[in-house]
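Enquirer: Below, each chain spelled out in residue letters.
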Amino acid sequence: MKIEVNQISKSLGGMHTLDEVSLNLNQGEFVVLIGPSGCGKSTLFNIIAGLIEPDQGSISIDGQDWTGKTGRISYMQQKDLLLPSRNILDNVSIPLVLKGMSKKAAREQAVAFLKDFGLEGFGNYYPRQLSGGMRQRAALLRTYLQASDILLLDEPFAALDAISRRSMQIWLKELSARYTASVLFITHDIEESLLLADRIYLFTARPARVKMEIDLQNKDYDQMERLQLKEEILVILEEENRTQD
Amino acid sequence: MKKSAQTTAKLLPLLAVLFFILLWDAGVRYYNTPAWILPSPGQVIKSVFTIHELLLMHTATTLLEAGLGLLLAMLLAVLIAVLMDSIYWLKQALYPLVIISQTIPLIVLTVLFVIWFGFGMLPKILVVILVCFFPILISLINGLESVDDDQIQLFRSMGAGRLAITKMVKIPAALPSFFSGLRISATYSIMGAIIGEWMGAEKGLGYFMTLAQKGYQVDQVLAAVLVICLLSLLIVKIVDLMEYIFIPWNRWQMKG
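So the protein sequences, as listed, match chains A and B.
Letter 227 of the first sequence, counting from 1, is numbered 227 in UniProt numbering, and no numbers are missing.
Letter 196 of the second sequence, counting from 1, is numbered 196 in UniProt numbering, and no numbers are missing.
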């Protein structure tokens with residue numbers, strides 16, 4: 001098991017945010033977390049990345065305890081958070097440099113991935129010279145170079161327009177299959193979750209709990225069943241949204 | 001269309017200056033003002049040439065004081081800003097002091113500096129430092145604070161320490177505002193040196209102007225003023241050039 005989230009609870013600023021959340025991510029699996037916005041999924045990512053200590057519970061990665069420890073995995077957000085002062089190649093190789101690699105060696109390792117991430121020939125461009133979709137791909141490559149086996153993605157495509165989002169989703173799906181990375185993906189877009197996921201965790205409104213687990217891997221849903229499932233998820237989310245207000 | 005608009009934008013300030021000079025010239029001619037009250041622009045230009053050796057000598061002194069003061073102010077501001085940004089209580093302690101240092105009338109300090117440090121270069125350099133230090137420090141602190149928290153969190157999650165975050169994230173992000181502070185300080189630097197010299201000196205444009213003013217040689221005073229304006233512009237241009245060199249990523253405009 002790549003990641004095991006064990007009974008995590010957390011209060012932030014007096015607000016009960018996460019309530020005994022347990023979930024797991026298996027080797028090579030694409031798992032989507034879906035829930036009402038503002039329900040605490042991002043806090044969960046901060047805890048998995050080690051940026052925040054949980055009040056209770058533990059995080060184990062590859063069977064080792066990583067609760068409250070940074071440096072193993074980083075995650076990607078809606079904002080690309082590329083440094084405007086560095087070109088794309090230097091931006092994506094930052095994790096390697098932080099791990100102690102020389103600048104030159106880091107560049108050499110990173111440059112090999114530019115093609116697969118649709119950034120070939122753009123290594124010398126500054127982030128502001130690129131489109132939103134390209135910047136997100138660069139941010140994804142940086143996340144990948146931080147930890148190539150696990151990708152934590154927090155609504156990575158939410159800021160993109162519908163058409164680029166669609167093509168990015170398809171591209172990511174192919175990429176994750178080819179690189180056999182295990183992916184944990186946050187979204188509140190049901191369509192997106194059904195397109196990408198092997199497994200879906202449905203979250204309640206704050207305090208977030210796992211409401212439902214949907215396994216899509218071993219079932220071949222036809223068009224009709226897919227629509228039904230979508231409707232079902234939508235109803236649950238709407239209900240949760242109401243309790244939050 | 002666009003190009004002609006740009007040319008017009010560059011030409012307009014020149015035209016305005018020209019218009020002002022012509023107005024001045026016409027006024028002096030019309031009222032027949034004596035030269036010891038207000039000389040004509042032509043007379044000022046003429047005296048720049050007749051006393052150019054004298055001006056050059058005093059300019060060298062002033063430029064040295066201003067340049068040295070600005071450089072020291074910059075180093076000091078960078079050091080203190082980085083310290084204040086990384087140590088929270090230090091910022092709390094020093095910030096009010098920095099503000100207070102700016103409320104003391106400069107003239108008073110200048111006189112005190114002369115009493116304490118004499119007529120040499122040191123008190124002038126101190127005035128320049130005091131004037132130039134503040135804009136750089138404040139803009140640099142704001143620049144360092146402006147960094148997105150998520151950006152810092154991301155670097156933390158990648159295992160970066162404080163030093164790496166300051167070096168890789170904060171300082172580059174603060175550079176643009178650092179340069180806008182430096183540009184303001186650059187314009188102040190010559191003025192600071194002049195004020196220092198005015199209160200007592202043996203050399204420098206400020207000293208030269210007190211002499212010329214006492215002799216009612218207004219044309220020479222204005223000739224020195226002209227030199228001062230040009231010097232200030234020169235220093236600002238140097239800062240602009242440095243900004244261009246040090247922030248290459250802002251040279252390109254956004255695409256699409």
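Hints should not be assumed to be uniformly reliable.
To be verified - Cβ pair distances, simulated, as ranges:
{"id": "1", "chain 1": "A", "residue 1": "Ile163", "chain 2": "B", "residue 2": "Leu22", "range": "16 to 26 angstroms"}
{"id": "2", "chain 1": "B", "residue 1": "Leu163", "chain 2": "A", "residue 2": "Gly68", "range": "13 to 23 angstroms"}
{"id": "3", "chain 1": "B", "residue 1": "Ala164", "chain 2": "A", "residue 2": "Met15", "range": "45 to 55 angstroms"}
{"id": "4", "chain 1": "B", "residue 1": "Arg162", "chain 2": "A", "residue 2": "Asn241", "range": "46 to 56 angstroms"}
{"id": "5", "chain 1": "B", "residue 1": "Thr103", "chain 2": "A", "residue 2": "Ile163", "range": "30 to 40 angstroms"}
{"id": "6", "chain 1": "A", "residue 1": "Asn241", "chain 2": "B", "residue 2": "Leu90", "range": "38 to 48 angstroms"}
What the hints assert, rightly or not - Each computed DSBU-like pair below joins lysine-lysine, with the alpha-carbon atoms no more than 35 angstroms apart:
{"id": "7", "chain 1": "B", "residue 1": "Lys167", "chain 2": "A", "residue 2": "Lys115"}
{"id": "8", "chain 1": "B", "residue 1": "Lys46", "chain 2": "A", "residue 2": "Lys103"}
{"id": "9", "chain 1": "B", "residue 1": "Lys203", "chain 2": "B", "residue 2": "Lys46"}
Hints listed in this document are in silico derivations from the structure and should not be mistaken for laboratory results.
Positions of the beta carbon are idealized from the N, C-alpha and C atoms, including for glycine.
Enquirer: Taking the Cβ atom of B:Ala164 and the Cβ atom of A:Met15, is their distance within the range 45 to 55 angstroms?
Expert: Distance hint for B:Ala164, A:Met15 is violated at roughly 32 angstroms.
Enquirer: Between the alpha carbons of B:Lys46 and A:Lys103, is the straight-line distance 35 angstroms or under?
Expert: 59 angstroms, violated
Enquirer: Taking only the CA atoms, is the gap from B:Lys167 to A:Lys115 under or equal to 35 angstroms?
Expert: 29 angstroms, holds
Enquirer: For the pair we were handed, B:Lys203 and B:Lys46, check the Cα-Cα distance against 35 angstroms.
Expert: 23 angstroms, holds
Enquirer: So the hint says 38 to 48 angstroms: do the beta-carbon atoms of A:Asn241 and B:Leu90 match that?
Expert: 46 angstroms, holds
Enquirer: In this structure, is the beta-carbon distance linking A:Ile163 and B:Leu22 contained in 16 to 26 angstroms?
Expert: At 60 angstroms between Cβs, range violated.
Enquirer: Does the hinted range 46 to 56 angstroms hold for B:Arg162 and A:Asn241 at CB?
Expert: 40 angstroms, violated
Enquirer: With respect to the beta-carbon atoms only, verify the hint that B:Thr103 and A:Ile163 lie 30 to 40 angstroms apart.
Expert: 57 angstroms, violated
Enquirer: Confirm or reject the claim that B:Leu163 and A:Gly68 have a C-beta distance inside 13 to 23 angstroms.
Expert: The hinted range 13 to 23 angstroms holds for B:Leu163 and A:Gly68, with Cβ atoms some 21 angstroms apart.
Against the hints set out earlier in the document, violations occur for numbers 1, 3, 4, 5, 8.
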